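J.: Read off the chains here:
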Amino acid sequence: MSGAARGKLKLYLGYAAGVGKTYRMLIEAQDLKRQGVDIVIGYFEPHGRKETIALTEGLETIPRRMVLYNGARFEEMDTDAILRRHPAVAVVDEFAHTNVPGSPRLKRWQDVQVLLDASIDVLTTVNVQHLESLNDQVYDATGVRVRETVPDWVVDEADEVVLIDLTTRALRNRLERGVVYAPEKARHAMENFFNEANLSALREMAMRHAAHEVEEKLRPIQAPAPAGGGVAAPENPPRGSERILICLTGRPSSAVLIRRGKRVADYLQADCLAIHVAQPHETGADAVERHLSFARNLRIETHIVHAADVPRAIADFARAQRITQIFMGRSLPPPMWQRFRETVVQQVVRQAKDMQITIVAERRK
Amino acid sequence: MAARPEHKPSPEELLRRVQNAERRERRGRLKVFLGYASRVGKTYRMFDEGRRRKQRGQDVVVGLVQAANEPDVQELLSCFEMIPPIQERHGGQTYEVIDLPTLFRRHPAVCLIDELAYDNPPGSRNPQRWQDVEDLLDRGIAVITAVNLQHIREQQLDVERLTGKRAAYSVPEAFLREADEIEVVDVAPESLLDRTGGTNRPDSRVLAELRELALLLAADVVDRQLVEYLEMHGVVARWGAQERILVCLTPRSNAVAMLRSGHRNALRFHGALLAAYVEQPGLRAEDRARLEQHLALARELGAEVHSLRGSDFVESILDFANEQRITQLFLGHTGQERRFWFSRSPIDRVIEAAENFDVRLFPRPESK
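So the sequence lines, in the order shown, correspond to chains E and F. The first sequence runs 1 to 365 under our numbering. The second sequence runs 1 to 368 under our numbering.
The set of hints was computed from the structure by calculation and includes no laboratory data. All values derive from a computational prediction rather than experimental measurement. Take these hints with a grain of salt, some might be off.
[Stated by the list, open to error] Derived lysine-lysine pairs resembling DSS-like cross-links, with alpha carbons at most 30 Å apart:
1. F:LYS165 with E:LYS217
2. E:LYS185 with F:LYS54
3. E:LYS50 with E:LYS185
[To be verified] Only part of the chain F face toward chain E is listed, based on derived beta-carbon distances under 10 Å:
4. ARG177
5. GLU181
6. GLU209
7. LEU215
8. LEU216
9. ALA219
10. GLN225
11. LEU226
12. ASN265
13. ASP358
[Claimed, not checked] Chain F residues, not near chain E, derived (Cβ > 12 Å throughout):
14. ALA67
15. PRO108
16. ALA174
17. ARG299
18. GLU315
Heads up, the beta-carbon is just placed ideally off N, CA and C, and yes, glycines get one too.
Given these sequences and hints, build the entire structure.
T.: Structure follows, in structure tokens:
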């Protein structure tokens, strides 16, 4: 990038479809246009909502790109066309959207990064359940596993996050009146995901997350790492700072472990590392690689250590890296014929009595 | 830290809630728009909601409007029927008092009251305006109103610490918590500075802090309503949006480190901090004294302290943690090695049984 400042990102954060994120975003777009700002709609999802559609009037819209996939036609945001048009501000609905396969980028938030890199400011909308770090909490509270997620650092980098609040009663009224979805879909929604308890829980999460984002921006800017210090300087972490180590395996529960460890690290402003101890003749390398790459996507520093004695390797690595807290998943119960043998967790607990060790629950229902 | 209601409601509490629910059936509904500073746009949002309700055929009137309003609000106002307040002079000052008698006679479905925090002149039916609103609600009239964080009585100390100013009028937080609905009006502080020309206003940092307070207050209100809703409907409370940390204290644990860390976590997550110990018979005097010290520190750090009874330490802790929707359990490492090759330590048992919360083990004081 040639000197030009990166574009600013403004996020309208809601807790469900229909709370009015797009509506508020378009009101702001109209305001900006009135002030003479060069603003275009890069992507807009009308959902057949009349009041919202009316707000797009008078705003230039960049036509969508047609994508053929499996013989069907899909429409996606045309990022290249927006770049060519190069407005000052672009309105991009549905930040968490996953692009159809064959698109230049996997996720819409990645398209938005491209626009920001080209010094275009972006207004966008997202619901709290799409935040990666809240994925398990959302599942605990609602029983729904959200598949489209956005890494937290993307949201943390936003210049402004504004909460779009609406009471759950008002939202359910909107659903009943058919403002949000067609009647059939609305009824189904209200009996399922949009029930009172789910909506209240999501709303509380959105409020707490908005508060967290405000607090993040209030924190004093940390001193930059000393020159030549590498990625992380374990020799001399600032006093009192925490360093968290996540112990990864190929087991599916590692995803929960990664999200949980990262969330705690973010809230405590701690460094976050992940380690996988590869044993000789280990199987399931694909699953491990998936978890490592998931961790890297969340900006966690990953390490692979080859050793036969897993607990010893973890404890040694943790000491060498001045780790203050180890995150592990629960060990599987040992097979019957070995039921008196210590599990990996038990061994780490015994070998690292000088450290804090967190055993993350799988939170089964 | 967030104050929380006791988790297992007593029969009296349940009765109170049922009575409240019955009272609410007859009462008008109260909706409050909460803003973190003046001119975030809550007045506009309130009148806009009134307008939309009117369009849907509800009988809406305005009971009170502030004198100075922005042009967009003025435009909205033109569509409403007004019941102007009564002007009263008292001690050389002019007061505006909601015209309750006229409103009672007119008896609309919905009454809009801008500016909730206000002291009526001496000799009025109610000393404060929020009490006038209660009267409207008792008559079955729904009220939509707006209030600023700086006017919430229990928040005024924090607001004053930030802005150096204390608003003259206030509304008790309980009034807000009892509202049927509360909605946050949020804007980025940057746009607020732009809109008001950046003069004579708190700086963006102060605005951000006020904003955080307002968001957390609203989250607490929503959390409490959610818990009440779940209890009223006999739904087992699930692990929700708030972090709840339980520190398990024993005489020998490194209570200082555990409590401080628990406190820090609770602050950062805006969660709740609890501390519990299991009563043990025949505790030695020095252990008893140490435990008392730990409990005193826990209280000092704002933890909710619980004493548990039960013959089995692990079971008592697990039951309590589940009942309290704990998300993180803090426990000390044990000093003892496994006594027998086949024995399971209390820690092993806790880890094995902890399905819904994380277990964090802390080093013992000696090994530091």
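J.: Hint by hint, say whether it matches the structure.
T.: Hint-by-hint comparison with the structure:
no.	hint	verdict
1	F:LYS165 with E:LYS217	24 Å, holds
2	E:LYS185 with F:LYS54	27 Å, holds
3	E:LYS50 with E:LYS185	17 Å, holds
4	ARG177	14 Å, violated
5	GLU181	4 Å, holds
6	GLU209	7 Å, holds
7	LEU215	4 Å, holds
8	LEU216	5 Å, holds
9	ALA219	4 Å, holds
10	GLN225	7 Å, holds
11	LEU226	4 Å, holds
12	ASN265	7 Å, holds
13	ASP358	5 Å, holds
14	ALA67	26 Å, holds
15	PRO108	19 Å, holds
16	ALA174	19 Å, holds
17	ARG299	23 Å, holds
18	GLU315	18 Å, holds
Figure legend: structure checked against the earlier numbered hints; the only hint not met is number 4.
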